[in-house]
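**Student:** One letter stands for each residue in the lines below.
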Amino acid sequence: MNSSQLLGFTTFAYLFASILYIAIFVFRVEKISIIASVVTLLAFLVQTAGIILRWVESYQMGYGHAPLSNMYESLVFFAWSIAIFYLWLEWKFKNRLIGAFAVPFAFLSMAYASFASEIDGQIKPLVPALQSNWLIAHVVTCFIGYAAFAVAGGIAVMFLLKDREEEAQKRKGAEVDGLFSTLPALRLIDDMIYKCIIFGFVWLSVGIITGAIWANEAWGTYWSWDPKETWSLITWFVYAAALHARFVKGWSGKRIAWIAIIGVFSVIFTYYGVNFLLSGLHSYGSS
Amino acid sequence: MENKKGNSLWNFFASVKLALVTLFVLAVASIIGTIVPQKEEAARYVELYGKNIANFFQLLDIQDMYNSWWFVSMLVLFSLNLIVCTIERLPHIWKVVTQDNLATTNADRLGKMAMHRIFRGQMAMDQATSAVQQIMQAAGWPVSQADKDGGTLFFSQKGAYTRLGVIIVHISILVIFTGALIGSFYGYKASVLIPEGGSTSQVYQSNKEHTAIPLAFTVRCDDFQLTYYDTGMPKEYRSNLAVVKDNKEVYTKSIVVNDPMQYGGLTFYQSSYQPVEGQFSVQITNENTKAEQKFIISPRQENKWLTESVTFGITDMSGPDMMKRYQYKIWFSDSKSGPSEFWINEGGTARVKRPDATYILTAKPRFATGLQVVKDPGVWTVYSGCIMMILGLIVIFFMSHRRVWVFVSSDGQKTSILVSGMSNKNKIGFEKNMEVIYDKFAADSSLTALSQ
Chain A
0 MNSSQLLGFT TFAYLFASIL YIAIFVFRVE KISIIASVVT LLAFLVQTAG IILRWVESYQ
60 MGYGHAPLSN MYESLVFFAW SIAIFYLWLE WKFKNRLIGA FAVPFAFLSM AYASFASEID
120 GQIKPLVPAL QSNWLIAHVV TCFIGYAAFA VAGGIAVMFL LKDREEEAQK RKGAEVDGLF
180 STLPALRLID DMIYKCIIFG FVWLSVGIIT GAIWANEAWG TYWSWDPKET WSLITWFVYA
240 AALHARFVKG WSGKRIAWIA IIGVFSVIFT YYGVNFLLSG LHSYGSS
Chain B
0 MENKKGNSLW NFFASVKLAL VTLFVLAVAS IIGTIVPQKE EAARYVELYG KNIANFFQLL
60 DIQDMYNSWW FVSMLVLFSL NLIVCTIERL PHIWKVVTQD NLATTNADRL GKMAMHRIFR
120 GQMAMDQATS AVQQIMQAAG WPVSQADKDG GTLFFSQKGA YTRLGVIIVH ISILVIFTGA
180 LIGSFYGYKA SVLIPEGGST SQVYQSNKEH TAIPLAFTVR CDDFQLTYYD TGMPKEYRSN
240 LAVVKDNKEV YTKSIVVNDP MQYGGLTFYQ SSYQPVEGQF SVQITNENTK AEQKFIISPR
300 QENKWLTESV TFGITDMSGP DMMKRYQYKI WFSDSKSGPS EFWINEGGTA RVKRPDATYI
360 LTAKPRFATG LQVVKDPGVW TVYSGCIMMI LGLIVIFFMS HRRVWVFVSS DGQKTSILVS
420 GMSNKNKIGF EKNMEVIYDK FAADSSLTAL SQ
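Protein chains in written order, with numbering that gives the first Met the number 0: chain A, 0 to 286; chain B, 0 to 451.
Don't read these hints as lab results, they were simulated from the structure. C-beta atoms are modelled at their ideal positions from N, C-alpha and C, and glycine is treated no differently. Some hints could be false.
Said to hold, decoys possible - As a list, the in silico SDA-like pairs of lysine to any residue whose alpha-carbon atoms are at most 25 Å apart:
id: 1; chain 1: B; residue 1: Lys-16; chain 2: A; residue 2: Phe-264
id: 2; chain 1: B; residue 1: Lys-234; chain 2: A; residue 2: Leu-67
id: 3; chain 1: B; residue 1: Lys-289; chain 2: B; residue 2: Pro-319
id: 4; chain 1: A; residue 1: Lys-123; chain 2: B; residue 2: Ser-271
id: 5; chain 1: B; residue 1: Lys-374; chain 2: B; residue 2: Lys-16
Said to hold, decoys possible - Which bits of chain A does chain B cover? Going by a derived footprint, with three or more residues having C-beta under 8 Å, they are:
id: 6; stretch: 126 to 132
id: 7; stretch: 161 to 170
What the hints assert, rightly or not - The following label-pair restraints were derived from C-beta to C-beta distances:
id: 8; chain 1: B; residue 1: Thr-226; chain 2: A; residue 2: Gln-4; range: 28 to 36 Å
id: 9; chain 1: A; residue 1: Glu-56; chain 2: B; residue 2: Ser-308; range: 50 to 58 Å
id: 10; chain 1: B; residue 1: Thr-97; chain 2: A; residue 2: Thr-47; range: 27 to 35 Å
Construct all of the structure, not just a fragment, from the sequences and the given hints.
**Tutor:** Right, here's the structure in full:
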């Protein structure tokens with residue numbers, strides 16, 4: 000048993016969990032929804048074992064570093080963060096229908112890591128710039144933030160779909176039992192989006208700060224307007240704006256949902272776009 | 000405050016709309032600098048974008064956008080917005096934090112709160128008030144009380160100071176900006192290249208002029224080591240540095256990329272290296288006596304290690320090979336017998352067996368280590384701001400100001416106890432707090448709950 004086998008199994012387990020969640024949502028078989036949760040939890044545990052094993056393997060190869068050092072490892076950790084964040088959300092809100100809008104992200108991240116030709120899954124040694132204890136603190140905090148934002152975006156899509164259906168029903172004046180009627184009330188979904196955003200915002204802030212401290216340790220400058228730094232700040236601005244709009248201007252519902260979706264694009268660009276489209280200090284994240 | 004209210008400029012800076020617009024414009028403007036390469040030579044922009052656009056960029060300082068007059072002005076506007084908002088909101092927040100809720104709350108307001116419940120009992124007023132004190136104390140909400148509106152009002156609160164979280168986060172951003180300003184006024188970034196065995200007492204500022212900045216001491220580089228993984232990837236860049244003052248070595252440190260040297264308010268970072276043209280570093284150790292000496296030599300020259308009466312030199316070179324390494328041909332003699340001649344890999348080790356002793360010899364190019372030298376007295380201010388921000392965010396998002404009132408009144412026959420509460424955030428969590436309090440009252444056998 001090696002880490003690639005465990006992580007390969009994880010990919011398919013997340014796929015299976017995604018299918019289950021979508022089936023439960025579309026065919027309204029909420030009674031069996033516990034199976035989806037169990038599969039997700041199982042996938043998460045196997046993935047945890049896979050990540051730990053990869054860590055051990057890197058020591059066996061004589062490199063000895065946490066599996067958080069390149070695109071492949073960060074995608075795996077992204078999926079892991081989404082899974083644990085989603086499971087926590089499911090437990091907190093006692094609702095399994097949101098799984099259809101969150102767990103597929105974990106699968107997509109794993110699938111991309113495993114199957115994209117430009118991503119190398121080999122365990123590689125750490126370049127001197129990454130040999131620091133800040134690596135774990137910085138990557139973990141950023142990715143928990145990203146995961147929360149990704150789930151917020153998924154739930155925002157759920158909000159908009161349900162909202163559209165309800166508007167359409169209002170126009171017709173009929174209480175049709177639409178696809179999205181089983182979803183939680185809009186007010187509740189709105190609260191979930193907000194909770195995900197504040198959670199993500201705190202972790203992103205800590206992620207940016209640990210990155211700044213690390214940069215100062217390694218290069219003597221805590222902020223150099225490197226594209227990655229700048230994009231993380233842009234993402235931070237987007238969510239800061241969303242929070243102000245909500246706190247002070249009383250924005251909620253559709254408008255916050257749209258900002259949550261814009262935020263996800265900003266996160267994707269910060270995480271992925273910068274590595275592949277722009278050059279800068281974070282270029283080691285692209286291989 | 001009153002005179003400020005009418006001031007439209009003040010209101011402009013105090014508005015949340017300005018904050019939202021500034022955040023949006025800063026976000027969009029920041030994108031430009033991530034797409035257009037920064038701090039390149041002027042010719043590069045002409046090459047990339049053509050003459051007209053390059054001229055336009057020149058006009059707007061796009062080539063150094065984040066330091067341009069308009070971007071800095073945006074940051075100043077952002078700061079002013081923060082300062083004015085803080086000054087505007089602080090008195091209101093402070094009033095809520097410090098207000099006497101017994102005096103400011105009227106009994107008839109309590110029944111209108113979303114969370115309230117009424118209990119009735121046959122007991123007398125003084126019995127009821129002492130029961131309230133006990134119950135609230137036991138529930139973890141010690142009360143203060145006042146007689147008003149024909150009854151007795153009790154009040155207890157938690158987390159009043161959490162309302163200051165917003166102010167803390169806003170000030171933290173200003174603290175970070177202050178740290179950045181301290182750094183830019185009283186600090187500098189510089190660099191210097193020190194060849195192995197060489198030293199410097201000045202560094203060169205990282206600006207166009209590369210202004211020389213004298214140091215209060217001398218920094219010497221004793222050694223630079225470059226090691227690779229077996230995959231050919233660089234593993235470590237290491238420089239052994241020494242600080243020399245009045246010809247005395249006062250401090251030494253071996254630095255690597257993530258572990259700089261701090262001395263005299265300056266920090267020295269390992270940032271680059273380059274070989275010194277036509278010079279080599281050879282280290283020879285006598286295995287028997289452990290005597291050791293390092294030499295900086297030029298090729299095709301005779302070099303002497305006097306204490307060991309060794310003579311040596313590099314007579315030929317070849318390479319580079321697939322690992323990008325050169326090979327050196329070494330000539331080695333100690334006058335005891337004929338000279339030894341052999342090839343050695345760059346960075347490799349050779350054992351030279353001589354009649355009297357065995358020597359270990361390594362040879363590599365003489366490197367110059369590239370150091371980034373930074374003086375930034377603002378760093379700790381920035382870090383304090385960061386800590387403030389995180390603490391403030393935790394307070395804003397995860398803590399709340401919870402207030403509980405109890406009003407005891409009597410209509411002559413029955414005594415009624417009205418329990419009500421309010422929280423500025425996390426209403427669901429607070430409902431659970433209230434349920435605990437309600438249960439304590441309900442558990443008192445002399446009371447009956449009237450309304451849910």
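**Student:** Okay, which hints does this one fail, numbers in order?
**Tutor:** Violated hints (numbers, rising): 3, 5, 7, 10; every other hint is consistent with the structure.
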